[in-house]
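The primary structure of each chain is shown beneath.
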Amino acid sequence: NAGVTQTPKFQVLKTGQSMTLQCAQDMNHEYMSWYRQDPGMGLRLIHYSVGAGITDQGEVPNGYNVSRSTTEDFPLRLLSAAPSQTSVYFCASSKDRGTKTGELFFGEGSRLTVL
Amino acid sequence: TQLLEQSPQFLSIQEGENLTVYCNSSSVFSSLQWYRQEPGEGPVLLVTVVTGGEVKKLKRLTFQFGDARKDSSLHITAAQPGDTGLYLCAGDRTNAGKSTFGDGTTLTVKP
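Chains as they are written, first to last, in our numbering: chain A, 1 to 115; chain B, 1001 to 1111.
The hints are simulated quantities; they were obtained by calculation from the structure and are not laboratory data.
Just to be clear, a hint being listed does not mean it is correct.
To be verified - Facing chain B, from chain A, some residues (calculated, C-beta under 7 Å):
#1 L43
#2 A82
#3 F106
#4 G107
Unchecked claim - Label pairs and their in silico Cβ distance ranges:
#5 B:Y1022 to A:S69: 19 to 27 Å
#6 A:S69 to B:G1082: 36 to 44 Å
#7 A:N62 to B:T1020: 34 to 42 Å
Given the structure is predicted, the values throughout are model-derived calculations rather than measurements.
Quick reminder that beta carbons are idealized off the backbone N, C-alpha and C, glycines included.
Only chain A is shown next, with the shape it has when bound in the complex (with noise of 0.2 Å):
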């Protein structure tokens, strides 16, 4: 079982480049989102999807990109990349949206550093 994949797991950028974190899960789960943490401030949601085709914007969108067209695949593009953006990123997905019946399951990571 597989779960949510993330890749890639480690990433060093310098400032304006761009990238793709990847994110893949293996459940047929509709819901799909994308968190940032760091150090003393918890998980912050950044975009999240209900379902292929459909996205939103979380807590802390700007400078963040995401679509998707597949229920299995959810990529969050960092459009210029800058400091301000090193963290680490997970994705979650679960059967259902809200946290009444849908437990998140999370990828192990994706610890970004932009120099």
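With chain A held as given, fit chain B onto it using these hints.
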């Protein structure tokens, strides 16, 4: 302003001691979840509490949801080194997919 406030932020105790972690909010949540995260890994769900006043037990862990559904607590009895980790509470007020997380409590249990 953090929607979910967790306390304490850090907790270091000896094996065998009891502890309680709190998750508080001024907002009402339809449910709250508790996750545990180990270094280098993603959070893993421990429990979901749905009904005000609900108490759920998971071995030595006891979870309680406040009567007004604004707060929750996690109590660990006779803590073990294997309990070491980051404990996170999460909630979604609108049930629309915008789960909010608290800042977490970092627990260290010393043998």
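Checked hints:
{"no.": "1", "hint": "L43", "in the structure": "holds, 4 Å"}
{"no.": "2", "hint": "A82", "in the structure": "violated, 23 Å"}
{"no.": "3", "hint": "F106", "in the structure": "holds, 3 Å"}
{"no.": "4", "hint": "G107", "in the structure": "holds, 6 Å"}
{"no.": "5", "hint": "B:Y1022 to A:S69: 19 to 27 Å", "in the structure": "violated, 42 Å"}
{"no.": "6", "hint": "A:S69 to B:G1082: 36 to 44 Å", "in the structure": "holds, 41 Å"}
{"no.": "7", "hint": "A:N62 to B:T1020: 34 to 42 Å", "in the structure": "holds, 37 Å"}
In summary, the numbered hints that this structure violates are 2 and 5.
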